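Chemist: Sequence:
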Amino acid sequence: MTNNASPTSVSTDFEWRAFGAVRTVNPNAVKKGRLFHLSQSVYRRVQAFGLQEAYLNDDALRSSVRMLPALAFVPLPDVENTFMAVSTVWRARRREIADYFENTYIGQMRTGRSKDPLFGQEFRNVSHRMKKDLPATNNSPERWHNAF
Numbered sequence: 001m002t003n004n005a006s007p008t009s010v011s012t013d014f015e016w017r018a019f020g021a022v023r024t025v026n027p028n029a030v031k032k033g034r035l036f037h038l039s040q041s042v043y044r045r046v047q048a049f050g051l052q053e054a055y056l057n058d059d060a061l062r063s064s065v066r067m068l069p070a071l072a073f074v075p076l077p078d079v080e081n082t083f084m085a086v087s088t089v090w091r092a093r094r095r096e097i098a099d100y101f102e103n104t105y106i107g108q109m110r111t112g113r114s115k116d117p118l119f120g121q122e123f124r125n126v127s128h129r130m131k132k133d134l135p136a137t138n139n140s141p142e143r144w145h146n147a148f
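Heads up: the sequence shown begins at 1 in the UniProt record's numbering, then just goes up one per residue.
These are computed hints drawn from the structure, not numbers from a lab.
Since the model is a prediction, treat every value here as computed from it, not as a measurement.
We put the CB at the ideal spot given by N, CA and C, even for glycine.
It is possible that part of the hints are untrue.
What follows is a set of in silico ranges between Cβ atoms, one per label pair, in the way DEER data are often shown [claimed, not checked]:
1) V25 to D58: 41 to 49 Å
2) R95 to V25: 22 to 30 Å
3) A21 to V89: 16 to 24 Å
Under the rule of at most 25 Å between Cα atoms (straight-line distance), these lysine to any residue pairs were calculated in the SDA-like manner [said to hold, decoys possible]:
4) K115 to F49
5) K115 to M84
6) K115 to P7
7) K115 to A48
8) K115 to A18
9) K115 to R45
10) K115 to R44
11) K115 to Y100
12) K115 to N57
13) K115 to Y55
14) K115 to W90
15) K115 to D99
16) K115 to N28
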């Protein structure tokens, strides 16, 4: 039995190995990250930096953290400027979360050095889907699979 499937678009979580596997098997497919997994990866970083209690108790910190995955809804040409505006709300002692997001999802900008992100902006951005009135998440197929 041969599988000649050749999807034009593949949605994965934010794991480098999954991304690499899709790129190897189907290099022409458009690769997209799932919004839920983006939010989850940012929250895992909050936990890794020991800020979970502060996140739960500090409304300003929680709001700042939630701004980062929300950048997925900003049109691609505006992401970098919007990130720079959002990053000004971070306190110096909580800066590590914004630095992580910049290095992983935006690309280093604030240090004066240009460096590509681990996951490109196109991978996580859903603004084009919003313009076409398409779902930003895969909740509908997930509900179908759960019911099945």
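Chemist: Of the numbered hints stated previously, which ones are contradicted by the structure, given in increasing order?
Modeler: 2, 3, 6, 12, 13
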